[in-house]
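Asks: Next come the chains, spelled out residue by residue.
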Amino acid sequence: MNVSISNILDQIIASIPLFKPELSLIIGFIVCIFTALFLEKRWKNSTFIACMLTLGVALYHLLAQLSTTGTGFSGMWLIDPWSIYARLVVLASTGIIAIFLQQRHPKNNGDIYAVLLATTLGIHVLSATSNWLMAFIGIEMVSIGSYVMVGYFSRNKAQSEAAMKYVLFGSVCAAVMLYGLSLVYGLTGNLDFTSAAHLKGLIDAPQAIITLGLLFVFAGIGFKLSFVPFHVWSPDVYQGAPTAITAFLSTIPKVGAIILFARLYQSWSSTAFYFSELSSWFIIIVALVTMLVGNLAALRQQDVKRMMAYSSIGHTGLLLMAVFAYQDIFSYLLFYIVAYVLMNLATFIFIDEIEQQTGSTSLSSYAGLGKKMPLLFTAFTLVAVSLIGIPPTIGFVAKLMVFTSTFSIFQSSGGTGSLLLLIVGALTSVISLFFYFKIPLYAFLRGNDNPIPSVVNRKQVSVMLFIAYLLTILVILFGIFPNWLMEMVS
Amino acid sequence: MITLTHFLVVSACIFCIGLYAVLAKRNAIMILVGIELMINAAILNFVAFGKYDKLNYGGQVFALFAIVLAAAAVAVGLALILNVYRHFKTINPEHIHELKD
Chain E
1 MNVSISNILD QIIASIPLFK PELSLIIGFI VCIFTALFLE KRWKNSTFIA CMLTLGVALY
61 HLLAQLSTTG TGFSGMWLID PWSIYARLVV LASTGIIAIF LQQRHPKNNG DIYAVLLATT
121 LGIHVLSATS NWLMAFIGIE MVSIGSYVMV GYFSRNKAQS EAAMKYVLFG SVCAAVMLYG
181 LSLVYGLTGN LDFTSAAHLK GLIDAPQAII TLGLLFVFAG IGFKLSFVPF HVWSPDVYQG
241 APTAITAFLS TIPKVGAIIL FARLYQSWSS TAFYFSELSS WFIIIVALVT MLVGNLAALR
301 QQDVKRMMAY SSIGHTGLLL MAVFAYQDIF SYLLFYIVAY VLMNLATFIF IDEIEQQTGS
361 TSLSSYAGLG KKMPLLFTAF TLVAVSLIGI PPTIGFVAKL MVFTSTFSIF QSSGGTGSLL
421 LLIVGALTSV ISLFFYFKIP LYAFLRGNDN PIPSVVNRKQ VSVMLFIAYL LTILVILFGI
481 FPNWLMEMVS
Chain P
1 MITLTHFLVV SACIFCIGLY AVLAKRNAIM ILVGIELMIN AAILNFVAFG KYDKLNYGGQ
61 VFALFAIVLA AAAVAVGLAL ILNVYRHFKT INPEHIHELK D
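Those protein sequence lines, which keep their order, are chains E and P.
So for the first sequence, the working numbering puts the first residue at 1; every next one is plus one.
So for the second sequence, the working numbering puts the first residue at 1; every next one is plus one.
Warning: the hint list may mix true and false statements.
Claimed, not checked - The calculated DSS-like cross-link candidates involving lysine-lysine, where the alpha carbons are at most 25 Å apart (straight line), are:
#, chain 1, residue 1, chain 2, residue 2
1, P, Lys54, E, Lys200
2, E, Lys157, E, Lys107
3, E, Lys157, E, Lys200
4, E, Lys157, P, Lys25
5, E, Lys200, P, Lys89
6, P, Lys89, P, Lys25
7, P, Lys89, E, Lys157
8, P, Lys25, P, Lys100
9, E, Lys41, E, Lys107
10, P, Lys100, E, Lys157
11, E, Lys438, P, Lys100
These aren't lab readings, by the way, just hints derived from the structure by calculation.
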């Protein structure tokens with residue numbers, strides 16, 4: 001099969017319309033570098049404006065792709081509902097993060113927008129491919145961008161330490177994943193993990209090598225999703241990084257990684273051979289351990305950002321459960337992703353707002369603040385309720401959907417794995433009640449012995465707080481009327 | 001006659017040496033060197049397997065991209081380690097523990 005160069009070129013040119021949102025991100029990345037170098041000194045915020053414009057243009061091109069499907073670049077680029085809606089979520093939340101950065105770090109921030117756009121491009125690649133080469137490039141783009149962002153504002157010891165731990169742990173995971181990919185490539189001779197040749201190669205391969213290859217590959221994805229045992233970086237990095245960057249790390253990269261993992265799981269678990277069994281047991285065990293470790297470790301945290309790190313590890317366990325449960329219908333998984341992103345963004349904006357006013361992120365410093373900032377803490381409590389999964393919030397609906405479909409899997413096939421998932425999922429939701437409710441407990445019920453460290457009473461309306469209230473309203477609204485969101489994504 | 005097995009054995013050895021360096025060394029730069037060894041073992045595998053993939057040359061293309069990405073990751077890693085050295089005056093990961101439970 002010798003394809004001539006002109007045929008290949010024709011195919012590439014024909015695929016370019018599918019790539020428009022990413023092309024605009026690439027152009028915006030270059031423009032941001034130039035404005036940061038030359039214009040930032042004369043016009044403040046010019047890079048921020050360029051970044052927001054880029055996101056707007058990318059969103060426009062992405063909206064034009066709605067309800068189209070197709071593949072481009074010899075099957076390397078997939079346009080389907082998963083990739084379109086995941087990229088919509090990613091672009092919208094990247095916009096919020098860009099505003100967050102602009103509000104919190106108004107000085108010397110030129111290059112961070114360029115890095116932000118490059119990282120977003122990496123997540124787009126992750127969520128729109130089923131090719132190992134693209135997936136690896138995407139993971140590395142996201143990782144390198146995240147390392148830079150964690151280290152970019154490092155003023156003190158803790159921040160530089162967080163960045164170094166992140167880069168060392170991340171590079172080891174990427175190297176292990178690359179070795180695993182080389183084994184998988186050697187066994188199959190094909191890099192597209194949904195293709196028949198790939199699955200046939202895995203069926204024929206010896207069990208020992210396939211176990212090694214699969215586990216190595218999962219290590220790389222596990223680092224991005226931070227499931228156990230590859231979660232050890234996340235509490236340190238979440239606590240050490242500036243809150244705006246933590247909000248980014250805890251939400252957006254996970255969207256891309258979970259979409260990739262869902263595609264992978266859907267394709268690999270579809271046969272009745274050894275590797276399918278291995279990957280389904282792997283996902284069950286990892287989901288169980290991740291939920292348990294995340295929620296139990298969160299119980300004894302005294303720092304809110306660290307607590308949120310463990311809480312997002314717990315939510316990763318539930319996301320894995322969602323991947324396990326929804327093998328055919330994508331809208332439920334997307335619903336959980338949207339819920340997770342909304343709740344986490346709102347939480348980190350609240351944490352940052354309190355940090356701005358009191359200069360602390362420890363739980364004990366929240367004591368008695370409920371009377372000073374009633375509106376903020378009421379909204380914060382609502383988001384915490386949603387994180388636990390109590391009605392009438394989006395978190396409840398998302399969890400309910402995961403549980404009902406795991407239950408229907410249990411009823412139809414009756415596996416021990418799905419039963420265990422149900423039990424542990426319910427148990428950890430109860431456990432999570434105890435640590436999320438520490439926030440309103442401290443804020444409203446505990447008195448403060450020390451005088452509250454001079455709450456700065458800023459007159460101007462905080463843009464971030466406004467966005468956070470908007471997100472809280474969405475959390476409640478989609479909780480009461482989940483159909484609105486479901487109709488949008490289906 | 002050098003066969004595919006030779007390449008695989010060599011790359012497995014390099015990977016293990018890299019993993020040992022990552023786990024045992026007490027210097028962040030030596031850990032980065034270990035990571036490089038692991039990546040290069042994988043690249044060797046890709047090129048060796050790529051010989052049998054005459055259709056798309058997937059292995060060789062993957063090797064090229066892996067080299068580029070590894071270089072970028074190491075550049076960022078070195079910059080961050082330099083930053084740590086400025087704050088802590090050491091790059092031994094065991095002595096750097098501001099953040100903990």
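Asks: Each hint: holds or not?
Replies: We went through each hint and held it up to the structure:
no.	hint	verdict
1	P/Lys54 with E/Lys200	18 Å, holds
2	E/Lys157 with E/Lys107	20 Å, holds
3	E/Lys157 with E/Lys200	51 Å, violated
4	E/Lys157 with P/Lys25	22 Å, holds
5	E/Lys200 with P/Lys89	54 Å, violated
6	P/Lys89 with P/Lys25	18 Å, holds
7	P/Lys89 with E/Lys157	11 Å, holds
8	P/Lys25 with P/Lys100	21 Å, holds
9	E/Lys41 with E/Lys107	11 Å, holds
10	P/Lys100 with E/Lys157	13 Å, holds
11	E/Lys438 with P/Lys100	21 Å, holds
Against the hints set out earlier in the document, violations occur for numbers 3 and 5.
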